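> Each of the two chains sits in its own frame; use the hints to bring them together as a complex.
These protein sequence lines are chains W and U, in that order.
When the first sequence is numbered by my numbering, its final residue is 465 and no position is left out of the sequence of numbers.
When the second sequence is numbered by my numbering, its final residue is 505 and no position is left out of the sequence of numbers.
Hints were generated in silico from the structure; no laboratory data involved.
Treat the numbers as computed from the prediction; the structure is a model and nothing was measured.
Even glycine gets a Cβ: it sits at the ideal position worked out from N, Cα and C.
Do not rely on the hints blindly, as some may be mistaken.
[What the hints assert, rightly or not] No farther apart than 20 angstroms at their CA atoms in a straight line, the calculated lysine to aspartate or glutamate pairs in the EDC-like style are these:
id : chain 1 : residue 1 : chain 2 : residue 2
1  : U       : Lys234    : W       : Glu259
2  : W       : Lys217    : W       : Asp392
3  : W       : Lys233    : W       : Glu259
4  : U       : Lys25     : U       : Glu12
5  : W       : Lys153    : W       : Asp263
6  : U       : Lys234    : W       : Asp392
7  : W       : Lys337    : U       : Glu164
8  : U       : Lys126    : U       : Glu164
9  : W       : Lys337    : U       : Glu241
10 : U       : Lys234    : W       : Asp435
11 : U       : Lys217    : W       : Asp435
12 : U       : Lys217    : W       : Asp263
13 : W       : Lys371    : W       : Glu434
14 : U       : Lys319    : U       : Asp357
15 : U       : Lys234    : W       : Glu422
16 : U       : Lys234    : W       : Glu402
17 : U       : Lys240    : W       : Glu289
[As the list claims (entries may be wrong)] Some chain W residues near chain U, calculated using beta-carbon distances under 8 angstroms:
id : residue
18 : Glu245
19 : Thr247
20 : Lys249
21 : Gly253
22 : Gln336
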Amino acid sequence: MYDVIVIGSGPGGYVAAIRCAQLGMKTALVEKYSTLGGTCLNVGCIPSKALLDSSEHYHNASHTFTTHGIELKDLKVNLGQMINRKNEVVKQNTDGIQFLMKKNKIDVHQGLGSFVNNTTVKVTKEDGSSSEIQGKNIIIATGSKPSSLPFIKLDKDRVITSTEALNLKEIPKHLVVIGGGVIGLELGSVYARLGAKVSVVEFMDSIIPTMDRTMGKELQKSLKKIGFEFYLKHKVTSVENKGKEVTVKADNGKGEIVEISGDYVLVSIGRRPYTDGLNAEAAGVKITERGQIEVNDHLQTNVPNIYAIGDVVKGAMLAHKAEEEGVFVAETLAGQKPHINYNLIPGVVYTWPEVASVGYTEEQLKEKGIKYKAGKFPFMASGRARASMDTDGLVKVLADAETDEILGVHMIGPRTADMIAEAVVAMEYRASAEDISRMSHAHPTYTEAFKEACLAATDNRALHV
Amino acid sequence: MSKEMRVPTVGESISEVTVGQWFKKDGDLVQLDEVLCELESDKATFEFPSEASGILRIKAQEGDTVEIGGLICLIEEATEASSSAPSSQPSTPSAVKPAASGEVKDMIVPTVGESITEVTLANWIKKDGDFVTLDEIIAEVDSDKATFELPAEATGILRHVAKEGDVLEIGGMICKIEVTDAAPVAEAPASSAAPASQASSSSANYASGHASPAASKILAEKGIAPTSVAGSGKDGRITKEDAMSAQKPTPVAQATPAADPKVAEAAPVVPGSRNVRREKMSSLRKTVSRRLVAVKNETAMLTTFNEVNMKPIMDLRSKYKDQFKEKHGVGLGFMSFFTKAVCVALQEWPAVNAMIDGNEIVYNDFCDISIAVSAPKGLVVPVVRNAEAMSFDQIEKEIVRLAGKARDNKLSIEEMTGGTFTITNGGVFGSMMSTPIINAPQSAILGMHNIVERPMAVNGEVKILPMMYVALSYDHRIIDGRESVSFLVRVKQLLEDPTRLLFGV
Numbered sequence: 001m002y003d004v005i006v007i008g009s010g011p012g013g014y015v016a017a018i019r020c021a022q023l024g025m026k027t028a029l030v031e032k033y034s035t036l037g038g039t040c041l042n043v044g045c046i047p048s049k050a051l052l053d054s055s056e057h058y059h060n061a062s063h064t065f066t067t068h069g070i071e072l073k074d075l076k077v078n079l080g081q082m083i084n085r086k087n088e089v090v091k092q093n094t095d096g097i098q099f100l101m102k103k104n105k106i107d108v109h110q111g112l113g114s115f116v117n118n119t120t121v122k123v124t125k126e127d128g129s130s131s132e133i134q135g136k137n138i139i140i141a142t143g144s145k146p147s148s149l150p151f152i153k154l155d156k157d158r159v160i161t162s163t164e165a166l167n168l169k170e171i172p173k174h175l176v177v178i179g180g181g182v183i184g185l186e187l188g189s190v191y192a193r194l195g196a197k198v199s200v201v202e203f204m205d206s207i208i209p210t211m212d213r214t215m216g217k218e219l220q221k222s223l224k225k226i227g228f229e230f231y232l233k234h235k236v237t238s239v240e241n242k243g244k245e246v247t248v249k250a251d252n253g254k255g256e257i258v259e260i261s262g263d264y265v266l267v268s269i270g271r272r273p274y275t276d277g278l279n280a281e282a283a284g285v286k287i288t289e290r291g292q293i294e295v296n297d298h299l300q301t302n303v304p305n306i307y308a309i310g311d312v313v314k315g316a317m318l319a320h321k322a323e324e325e326g327v328f329v330a331e332t333l334a335g336q337k338p339h340i341n342y343n344l345i346p347g348v349v350y351t352w353p354e355v356a357s358v359g360y361t362e363e364q365l366k367e368k369g370i371k372y373k374a375g376k377f378p379f380m381a382s383g384r385a386r387a388s389m390d391t392d393g394l395v396k397v398l399a400d401a402e403t404d405e406i407l408g409v410h411m412i413g414p415r416t417a418d419m420i421a422e423a424v425v426a427m428e429y430r431a432s433a434e435d436i437s438r439m440s441h442a443h444p445t446y447t448e449a450f451k452e453a454c455l456a457a458t459d460n461r462a463l464h465v
Numbered sequence: 001m002s003k004e005m006r007v008p009t010v011g012e013s014i015s016e017v018t019v020g021q022w023f024k025k026d027g028d029l030v031q032l033d034e035v036l037c038e039l040e041s042d043k044a045t046f047e048f049p050s051e052a053s054g055i056l057r058i059k060a061q062e063g064d065t066v067e068i069g070g071l072i073c074l075i076e077e078a079t080e081a082s083s084s085a086p087s088s089q090p091s092t093p094s095a096v097k098p099a100a101s102g103e104v105k106d107m108i109v110p111t112v113g114e115s116i117t118e119v120t121l122a123n124w125i126k127k128d129g130d131f132v133t134l135d136e137i138i139a140e141v142d143s144d145k146a147t148f149e150l151p152a153e154a155t156g157i158l159r160h161v162a163k164e165g166d167v168l169e170i171g172g173m174i175c176k177i178e179v180t181d182a183a184p185v186a187e188a189p190a191s192s193a194a195p196a197s198q199a200s201s202s203s204a205n206y207a208s209g210h211a212s213p214a215a216s217k218i219l220a221e222k223g224i225a226p227t228s229v230a231g232s233g234k235d236g237r238i239t240k241e242d243a244m245s246a247q248k249p250t251p252v253a254q255a256t257p258a259a260d261p262k263v264a265e266a267a268p269v270v271p272g273s274r275n276v277r278r279e280k281m282s283s284l285r286k287t288v289s290r291r292l293v294a295v296k297n298e299t300a301m302l303t304t305f306n307e308v309n310m311k312p313i314m315d316l317r318s319k320y321k322d323q324f325k326e327k328h329g330v331g332l333g334f335m336s337f338f339t340k341a342v343c344v345a346l347q348e349w350p351a352v353n354a355m356i357d358g359n360e361i362v363y364n365d366f367c368d369i370s371i372a373v374s375a376p377k378g379l380v381v382p383v384v385r386n387a388e389a390m391s392f393d394q395i396e397k398e399i400v401r402l403a404g405k406a407r408d409n410k411l412s413i414e415e416m417t418g419g420t421f422t423i424t425n426g427g428v429f430g431s432m433m434s435t436p437i438i439n440a441p442q443s444a445i446l447g448m449h450n451i452v453e454r455p456m457a458v459n460g461e462v463k464i465l466p467m468m469y470v471a472l473s474y475d476h477r478i479i480d481g482r483e484s485v486s487f488l489v490r491v492k493q494l495l496e497d498p499t500r501l502l503f504g505v
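Excised from the complex, chain U in its bound form (with noise of 0.2 angstroms):
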């Protein structure tokens, strides 16, 4: 039998992923736990380790959405296949079958994700009685969670045992499958010998992925590969319509110039290019796009601002930043010193540090601070756990090591989730002042801007100091203007006089 490889269950409020790129290809040797492919989902990309060792189906292609529990692809075990057929050749499913008919295959509800219990046969898309092949979908099955589509794990007569509506608990009969010999059909699926078959989607044929004369031309204009567009025709052929709906998936190089006569006599030359290129958002991104305007459409925010002079945290720096990075291997950035004082006026105003959940606040007695990186895929904010507790070379080693995995897009979902409150820093790019969007659920974030001289009033003398403004925006429901005021300032003081961290004043 061939092993069924599934989208995981990757994090609670996930329900799909992305398949990002196959690092084997369809039809590979491949090993257990070796890395097939990254999946993508809006909050990380995490490696598809294979779950057995065998010859690799691929089912999900590049860019396919594939809702958790989903089928991503098979493995075939390489035993099987190879006594069946010693040759490089796959195996057809009349090898791998049950050849006497009168088994019965019992299919049960898989195992779906950790937290579901049970799920709902939404609907038959088979009848009782009629002819199923071996991974066709069979019937399609509501989770609390998300819907999933449930494959034929046998070739032969469907009979069904749940009927539709019925609740299933997980492991509860859904339906038997009396093994049959092939199909009426005499059609084979497409083998590695058939001609030029590039098609490897769930009811793979020969011509699956094949376009039709005037969808091929279409394809070539638009410069899409066919192998990246789902065809509607029989067997998956690539019809005009599908190649005129067809998206390009990723920005391709602009195309050829060929000479157009007419455009070239219509317009004088402009310079410059006119390209406009589309491409796809990343599940990250769409994600971080829907949160952010939700944010601003469900909180009641605002923001307000602070001065802070970081003389004496510049010179506490320069002071001690040869010692700190050979006592303790890492440099000493600013964000220690702002975490800390973070975490101080975290404890002294807990509002800042608490969230709303329904009709109730969450106050939490410990800082979980998340920190804002810019990562290739879209913004992310990895967690320093217990900041209050950490010593400065602590939240630095920790920052350093988020930030890498940041840019390495290693991050997992556990690595992001749960923060109190958030600290962003927009002043690594210049920014002088803004308004940050506060990162739900949490109820406020503090913005750190860039460093620059200003000439501030001293004990009555005017004088050039290094200053920067920091915001503080906050969801004005739980957080009154006495707290997140009282909050910055005493941000403000902590930073202007770092020595009060040591005493706690």
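Isolated chain W (complex conformation) (with noise of 0.2 angstroms):
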């Protein structure tokens, strides 16, 4: 009998696995695929930014370099060996979550994990062989899975989601993205570089369009420099492979259908939660009619012995806020009184210029009516990203108009997904944008611009512009 069963091996499954046996719990964990690690470090976060980052030394070998006096002959890429050393880094990160797992005594029972009842968890093999084993308490971190339009084939092969994206053998010549949220925009990046066109179609009127809407269109003028085009406002229809090249028909909004084709199309229009052979209604546990496991504010489901977190639930689709739950829950149980502050949640996307941001955007400020004011700060303005060529996007500070309190914080240049940690901080201890504008910030780095943009929100002293 175990004290947790944790099924998913995700970020959320692994960490809350590891804070349970911290704890002193007797802890199992469950996965269905043969690497631990889940969506994440399989076919995510990890190998994207792997692609992301050699993607982003050939563009800049490509284009950068000979500014920098830099001259290279005969640059071309070598696809299969970048995919390659993706794959490298992915098995040694799975491997390091296998080491961990042995190093907090956590037993890892490879197979499908589903609800026998809801202290029973069956773990059926591949070659169908099963074993079943007890828990007083089961955490459900099954994550999520790419989400579709029910007219559309995913083949794999042209029509494909991020996860074939990752293992292409081919740069496409033209990728069409449908969906212009972080995933879509992320691959098409790692694309762009190598040399692809990249058409992304997108329902709303802005890329990224949960973002604050500044950093949307700062995205978009940077991604048009490297070849990207954009159809916003339209409406996806249909999808049809033919053989070598795929159609796919939108409509403009105005009535009219426009035609893009491409050599493959990336269908990124979100994700949705994944419960597939789970059996949770063989513990009695609760599943919203959009495939969510319903939750408390504790996060336990309706069966009060079993907890849920990650991607399986409400809230943002992000690995760090899964991790955050997994802690959380695995404290909970250890009757300690934990807390998760998901406003301050930070979100990223890992094109170039990343954007990342905290806290509520411009838009959701006036839709409160909670009355502020914002600080910018261009890096074009910062010595460090001049010096870098990274002089694209900026820093927004939206602080409370009579308080000075930061409310939110977004940013678009270089290296902002590691520069908002700073925002996170502030906020999470309620500073005002003057506290951070009269920290020392060393000099030359792109963190100066944060501070920048909080003296540009205190009273419009920002001292570079």
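Take a look at the structure:
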């Protein structure tokens, strides 16, 4: 009898398992696939970041090295090697998780986990053999899968999802991306940098529509420079695989049908909670119409000893959100009272420039009727950015008009994915824009741009613009 | 301007009070004389009425201990608030402040208590020339009773007038504040619009009382609301250390029983709660405990016993109780007999009614009898004054009145000070024999006990009679054995034959 069984070994699941083990609970981890780490490590964050970095190096080598005074001859891409390196990174990471499980004395059960009742989980191996394990508490961390549109047939050959896009055998000549969200833009970036033409078809009127509007506009400008074209407010009506070519038809909102043909179509319109084969009904766990597992504020399902975390429950589908939830549930089970501030979970897009944000967007503040002031600082004015030739983008700080409390920070630019952490710390402590303005930031760094934006928000007294 | 409301002088020996329940919320519109909150002193709980009509700005939170003269709250004039901000939005100091700089605010020593005529400037917290904001603490002032803090009465540049160590009379000039516009920092104090702001401490800021992530987890586990913790971080933020040292203010229901697999497996289930509760001692109980120990240490206390045949009183009571009730509207209890008997005996043995004051003995030619009453917040001893001159019904009525007020925590300090002798009745709870502790500075206390049937020898015969042990604890320093024993014998005589009370024999 385990104290806790965690189903799913993604960043939510394995982190929950480690924290449970740290707190002295006898813990089991059930994973359907042969490698641990879930979407993030196997077919998500890590492999895409590996390819993003590789392709960025190539892009820099082919576009900016000359300016830097570095001349290269016969520059070319070895996509096979690039994919191999990516696979190697993935392997190192998943092996790392395996090691962590051993270190924390967590039993890993490989096979599809499904409920028999609210304390029993059946683990079915690929060869059909199965065993049953029992736990006092069970954490569902089964994550999500790419979702699609009903009329799109994902043949995984020409009409692909993010999973296949990470393992292409050739660089597409023209990649059509359906969906202007994070995944489509990141993977689109990889192939655009390697020379593909990338067309993004998005239903909404801006890319990365859930983020602050300024970020979408700025990112669009930057991506256009590397060969993106955008079809915003276009509703995809059909996707047709014609062998070597795929045709996407979209309604442009004016009653006209636009036809875009490419050699690959990446469908990245979002992800759906994944509970296939979980047999949650056997335990009596309620699943909503949208496929999510219903949980209360303690991430507890309607069955008291069963919890759910990560992509399978409400909230942003982010690895670090799942991690926080994993820790949250483990500590809750240990009788502690942890907290998660969902408003302060940062969101990141690993394009170049990177986009990162935390807190309220300008649109949300307007909607809530909160009086705010905005301070912006462009990377064009940053010494470090100019030295590195990374002058695209800006930092925008939104602060309460009266108290000066920072309410939202939105960044697009070099290394903003890392810089956003400073904003999270500031906001967790409810810092005012002036507080940040009065803290020393090393020079020359990108983070100075955050300080300058805070100065701009404080009293419109940025120093370097 | 806003009206500062400070802790009034409530009694000679009281130097601090604890803020009890607030009846009004921060920002509420209050009327003159409306009761704002309860203040608890070690002697009594009293109500704190508003000294003006306006908007309440709470400065001392429930549970805070505030010295006499300490700031409890501000009342912002409603007219001012409504004229500068017609909506419910509170006016910011910049709106209240005289805009023109050049104006100078003179700050004088405020009246801190009735008997205090001068104070000493202990130290300046703000330097000469510092920029100070309204209500910021700028100096500490010592009086012979207490130290209190002096808040700035305006925002501006501070100019010292008095020096540290100066003795100043009430009304004397302490400093001047050159009124200026807003501070160089643009930060405005929290307004009601600030999101999730719950702060209301003296230097309130939108982030005051905000717990850091680690602190908030610790507080949740302790079951302490962040609002009850004074943050030591920047602008009153609650740090991890603050949370670790925070004490639970009041008992809270048991923590939600979360499944703890470790515990569940380690030990077999023991039935019954193992819950431990910690409660802050009330000021009253703290004082009682301190005084009881002090009395034991500082007096030469001993106790003498006697027994009283209660049959005569009981017979009299049953004979006259209905008529008594009808005539006077109050029941005829034992207390009136005891009080009368004690008064007669006290007048015969004045040392028992006396007290030591330094090298002198103070004799009282009157009998103010303290009656020990068990009140919800602890033992209180209201006084029946000039009991020697009172009739039975007057005594009974007075005791009923005082006991009622004690139950409701409504006794005033006045009603509890100045007794010369105490009667305590442990018998109502069933005590058979006890050695009561003197109620200082008095010198003696009479303990009544329960009435039990006992075989007693009466004229050479064994009779079963209702009997009560009585005890007299006394300070042997001024009461000799002859006086104490004789006093108690006299009380016994008067109780066993109440007609003696009539004839004074």
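> Are the hints correct? Go through all of them and say.
Now the hints, each set against the structure:
1. With a C-alpha separation of about 59 angstroms, the suggested pair lysine 234(U) and glutamate 259(W) falls outside the 20 angstroms cut-off, and the hint is violated.
2. With a C-alpha separation of about 12 angstroms, the suggested pairing of lysine 217(W) with aspartate 392(W) holds against the 20 angstroms cut-off.
3. At most 20 angstroms may separate the alpha-carbon atoms for a hinted pair to count; lysine 233(W) and glutamate 259(W) meet this at roughly 14 angstroms.
4. At roughly 31 angstroms between alpha-carbon atoms, lysine 25(U) and glutamate 12(U) are farther apart than 20 angstroms, so this suggested pair is violated.
5. Taking the CA atoms of lysine 153(W) and aspartate 263(W), the gap is near 15 angstroms; set against the 20 angstroms cutoff, the hint holds.
6. Among the hinted pairs, lysine 234(U) with aspartate 392(W) is inconsistent with the structure: their alpha-carbon atoms are about 35 angstroms apart, more than 20 angstroms.
7. Distance check on the hinted pair: lysine 337(W) and glutamate 164(U) sit about 49 angstroms apart at the alpha-carbon level, beyond 20 angstroms; violated.
8. A C-alpha spacing of about 12 angstroms is found between lysine 126(U) and glutamate 164(U), which places the hinted pair at or below 20 angstroms, so the restraint holds.
9. Distance hint between lysine 337(W) and glutamate 241(U) is fulfilled; the C-alpha atoms sit about 17 angstroms from each other, no more than 20 angstroms.
10. As the CA atoms of lysine 234(U) and aspartate 435(W) are separated by approximately 10 angstroms, the hinted pair is consistent with the 20 angstroms bound.
11. Distance restraint check for lysine 217(U) and aspartate 435(W): the Cα-Cα separation of roughly 24 angstroms exceeds the 20 angstroms cut-off, and the hinted pair is therefore not satisfied.
12. The suggested pairing of lysine 217(U) with aspartate 263(W) is violated, with an alpha-carbon distance near 53 angstroms, which exceeds 20 angstroms.
13. Restraint check: the Cα-Cα separation between lysine 371(W) and glutamate 434(W) comes to about 17 angstroms, which is no more than 20 angstroms; the hinted pair holds.
14. With a C-alpha separation of about 45 angstroms, the suggested pair lysine 319(U) and aspartate 357(U) falls outside the 20 angstroms cut-off, and the hint is violated.
15. Our distance criterion of 20 angstroms between C-alpha atoms is met by lysine 234(U) and glutamate 422(W), whose separation comes to about 18 angstroms.
16. For the suggested pair lysine 234(U) and glutamate 402(W), the alpha carbons sit about 18 angstroms apart, so the restraint of at most 20 angstroms is met.
17. With a C-alpha separation of about 42 angstroms, the suggested pair lysine 240(U) and glutamate 289(W) falls outside the 20 angstroms cut-off, and the hint is violated.
18. At about 53 angstroms, the closest approach between the beta carbon of glutamate 245(W) and any beta carbon in chain U exceeds 8 angstroms, and the interface hint on this residue is violated.
19. Restraint check, threonine 247(W) versus chain U: the minimum CB separation of about 50 angstroms is more than 8 angstroms; hint violated.
20. Among the interface hints, the one on lysine 249(W) is violated; its C-beta lies about 46 angstroms from the nearest C-beta in chain U, farther than the 8 angstroms criterion.
21. Proximity of glycine 253(W) to chain U is violated relative to the hint, the smallest CB-CB distance being about 37 angstroms (cut-off 8 angstroms).
22. A cut of 8 angstroms between beta carbons decides the hint on glutamine 336(W): the least distance to chain U is about 6 angstroms, and the hint holds.
In summary, the numbered hints that this structure violates are 1, 4, 6, 7, 11, 12, 14, 17, 18, 19, 20, 21.
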